[in-house]
Amino acid sequence: MSQFAINLLFVGASFALYIGIAIWARAGSTKDFYVAGGGVHPVTNGMATAADWMSAASFISMAGLLASGGYFASSFLMGWTGGYVLLAMLLAPYLRKFGKFTVPDFIGDRFYSGAARNIAVVCLITASVTYVIGQMSGAGVAFSRFLEISNTAGIWIAALIVFLYAVFGGMKGITYTQVAQYVVLIIAYTIPAIFIALQLTGNPIPMFGLFSTHTESGLPLLEKLNMVVSEIGFREYTADIDNKLNMFLFTLSLMFGTAGLPHVIIRFFTVPKVADARWSAGWALVFIALLYLTAPAVGSMARLNLVTTVYPDAAGQVENYDEAMTNAIAYEDRPNWVKTWEETGLITFEDKNNDGRIQMYNDSNPDFAATASERGWEGNELNINNDILVLANPEIANLPPWVIGLIAAGGIAAALSTAAGLLLAISSAVSHDLIKKTFKPDITEKGEMLAARISMAGAILVATYLGLNPPGFAAQTVALAFGIAAASLFPALMMGIFSVTMNNKGAVAGMLAGLLTTLVYIFTYKGWLFIPGTNTLPDNVDNWVLGISPLSFGAIGAMINFAVAFAVAKSTDAPPAEIREMVESVRYPKGAGQAQDH
Amino acid sequence: MADDKSNAAAYWSANLRLIFGSLIVWALVSYGFAILLRPLLAGIPVGGTDLGFWFAQQGSILTFIAIIFHYAWRMNKLDEKFGLGE
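Chains as they are written, first to last, in my numbering: chain A, 1105 to 1702; chain B, 748 to 833.
Mixed in with the good hints there might be a few duds.
What the hints assert, rightly or not - Listed next, the in silico DSSO-like pairs over lysine-lysine satisfying Cα-Cα at most 27 Å (straight line): (1) A/Lys1443 - A/Lys1456; (2) B/Lys752 - B/Lys824; (3) A/Lys1674 - B/Lys824; (4) B/Lys828 - B/Lys752; (5) A/Lys1609 - A/Lys1674; (6) A/Lys1694 - B/Lys828; (7) A/Lys1694 - B/Lys824; (8) A/Lys1544 - A/Lys1443; (9) A/Lys1694 - B/Lys752.
As the list claims (entries may be wrong) - Restraint ranges, calculated between C-beta atoms of paired labels, are given here: (10) A/Gly1143 - B/Asn823: 15 to 25 Å; (11) B/Ala756 - A/Gly1132: 49 to 59 Å; (12) A/Leu1264 - B/Ala789: 50 to 60 Å; (13) A/Leu1394 - B/Ala789: 24 to 34 Å; (14) A/Leu1394 - B/Leu775: 22 to 32 Å; (15) B/Leu775 - A/Gly1124: 43 to 53 Å.
Unchecked claim - Partial chain A-side listing against chain B, Cβ under 7 Å, derived: (16) Ser1178; (17) Met1193; (18) Phe1315; (19) Asp1344; (20) Met1351; (21) Leu1389; (22) Ala1393; (23) Tyr1396; (24) Ala1681; (25) Arg1684.
Quick caveat, the hints were computed from the structure, so don't treat them as lab data. Please read all numbers here as calculations on a predicted model, not as lab measurements. Quick reminder that beta carbons are idealized off the backbone N, C-alpha and C, glycines included.
Only chain A is shown next, with the shape it has when bound in the complex:
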């Protein structure tokens, strides 16, 4: 069977499974549609949350980020997991007790303010739309690479599949397909990682292999990696960094953002009890950790593999690295996977010194320039897109064709599961918060259900359009989506629960202050509305205030939100008695019942 047929078989089988689930899990009521009927087991919900959370970026890009970023990129690992601790203790159980369908629903009711609700809707839609574009284009890339169809056709197929189970099944359909998608994506991620860990370290568990011995050289894997990357002018992989403030704030922004992203929060509305929401956050993190503990091993091992592929003499016990590094691989002898990926344009080679060999090194490091010219190197000749590390892993490790088929299905599963969760967050904000709560309060249950389905279909069309024609902000998910969630939604939700005295004016002023300062800081460096060339200051560390990157500003925005909200609340009227009672009631699990409409 050809590779194409195998890929088609795996992807096709996974789609058949998702569609089967869609038929089985049709939504009969708005409660089914918004919160899957409220009866999802905490472990099931944990698994669905993990798939909801782990996007095309986690599946495809994270190992590459870690491989190129080294120690600093640990922020992604800690930030995207540490947020679940905040969710489990500060948000999920209380929002579950509150028992409504959407995040703006809580903000609107708690702060007895339509303005607060609408700001929350705008934040939710902006963050989720930014996020969903990446999923649609990620699915497009996976389809075009593995199924040999155009990117456009790939995005349309992805949209159709999501349409089938999201429009008919709502949260109910999404929940059970996410469970299936988690299983597909975790198997697809782990199997190649196990083989690579075995090949490099003899240890079958990647997370242990990372800290064990590299078989070929007899050195600890990370020590060997540090040596070979510094021999070609890069920073040591594990080297500490000087700008600790930025790393601190970046991690904190990712944690606040993770806790404040609506598509994750609404997953906790689907469990039967408050206690289940707590357990469920723990299970979600267990399932997420299975991938996040594997990713750094994949990243570092893939990087070592890559360097020793280009410089074969540097792989074993090396006496003289200078000598080993001059004997780079000849372009003619490059392995097959390099050829495959050259065709996609994600690997490019240019023989700058015309020696017929591949030189890969850091040509932007001034301290290394002398060594490079001594060796006769005239610039880095091999450019590799970070995103291919995971996708090319099975080929790099010479794994059988069915593993490649599995990776194809896994990458698509990661993109679809996150897209569906985001689309539900968007459509429920539209049908529930805008249509029912703001414009047409007298809408019937049946009418709202129809509105929810139409909103979902509309959201899918918008996401598909933006996936096909990605706007400037599409690549700024980390800055924009996490910045907004961290600076505006997370503090508002937290104050709504932990401060009895926080009032409507304080919350609105705080959300606006956090949101606007964060956007201004991001736009100053990334361009106003992300239009290229309109940035006020160049986006590099010399121009950042105190060395704080625009990606790290969400945490500062959150602090500003808290400060402004408390200052305003102190000088304006305290919230009415029934609101104080409501805050009291969300704090105690007793009498929660299932998520209710009112």
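Put chain B on the given structure of chain A with help from the hints.
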């Protein structure tokens, strides 16, 4: 009613204490060991690098899982003890 109120207040402050303690551990392993205090842990070797790097890549995630399950378990006890569970 007054009893109910003081019972509920005691439950809430027990919850806040538990959250506070958990957040200290949460911050210590990630912002502490993995970032700010990493130079202090540089002398402790772990698999070719130092303990701080291990916390940054694995230790903090494993600790986060432990924190959540510990919190969920303790809160269930508190729910029961104060009679405020479902």
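Consistency of the hints with the structure:
1. A/Lys1443 - A/Lys1456: Distance of about 19 Å is within 27 Å: holds.
2. B/Lys752 - B/Lys824: holds (19 Å)
3. A/Lys1674 - B/Lys824: Violated. Lysine 1674 of chain A to lysine 824 of chain B sits at ~36 Å, over the 27 Å cutoff.
4. B/Lys828 - B/Lys752: Distance ~15 Å between lysine 828 of chain B and lysine 752 of chain B Cα, so the pair holds.
5. A/Lys1609 - A/Lys1674: At roughly 10 Å apart (the allowed maximum being 27 Å), lysine 1674 of chain A and lysine 1609 of chain A satisfy the hint.
6. A/Lys1694 - B/Lys828: holds (13 Å)
7. A/Lys1694 - B/Lys824: holds (14 Å)
8. A/Lys1544 - A/Lys1443: With Cα atoms ~58 Å apart, lysine 1544 of chain A and lysine 1443 of chain A exceed 27 Å; violated.
9. A/Lys1694 - B/Lys752: holds (14 Å)
10. A/Gly1143 - B/Asn823: 15 to 25 Å: Holds - the Cβ-Cβ distance for glycine 1143 of chain A and asparagine 823 of chain B, about 20 Å, lies within 15 to 25 Å.
11. B/Ala756 - A/Gly1132: 49 to 59 Å: violated (42 Å)
12. A/Leu1264 - B/Ala789: 50 to 60 Å: Check passed, 54 Å falls within 50 to 60 Å.
13. A/Leu1394 - B/Ala789: 24 to 34 Å: holds (30 Å)
14. A/Leu1394 - B/Leu775: 22 to 32 Å: holds (24 Å)
15. B/Leu775 - A/Gly1124: 43 to 53 Å: holds (47 Å)
16. Ser1178: holds (4 Å)
17. Met1193: Nearest chain B Cβ about 5 Å off; hint holds.
18. Phe1315: At about 3 Å, which falls below the 7 Å cut-off, the nearest Cβ of chain B leaves the hint on phenylalanine 1315 of chain A intact, so it holds.
19. Asp1344: holds (6 Å)
20. Met1351: Interface hint status for methionine 1351 of chain A: holds (6 Å vs cutoff 7 Å).
21. Leu1389: holds (5 Å)
22. Ala1393: Check passed: Cβ of alanine 1393 of chain A comes within 5 Å of chain B, closer than 7 Å.
23. Tyr1396: holds (6 Å)
24. Ala1681: Violated - the Cβ of alanine 1681 of chain A stays beyond 7 Å from chain B, reaching only about 14 Å at its closest.
25. Arg1684: At 12 Å from the nearest chain B Cβ, arginine 1684 of chain A fails the 7 Å test, so the hint is violated.
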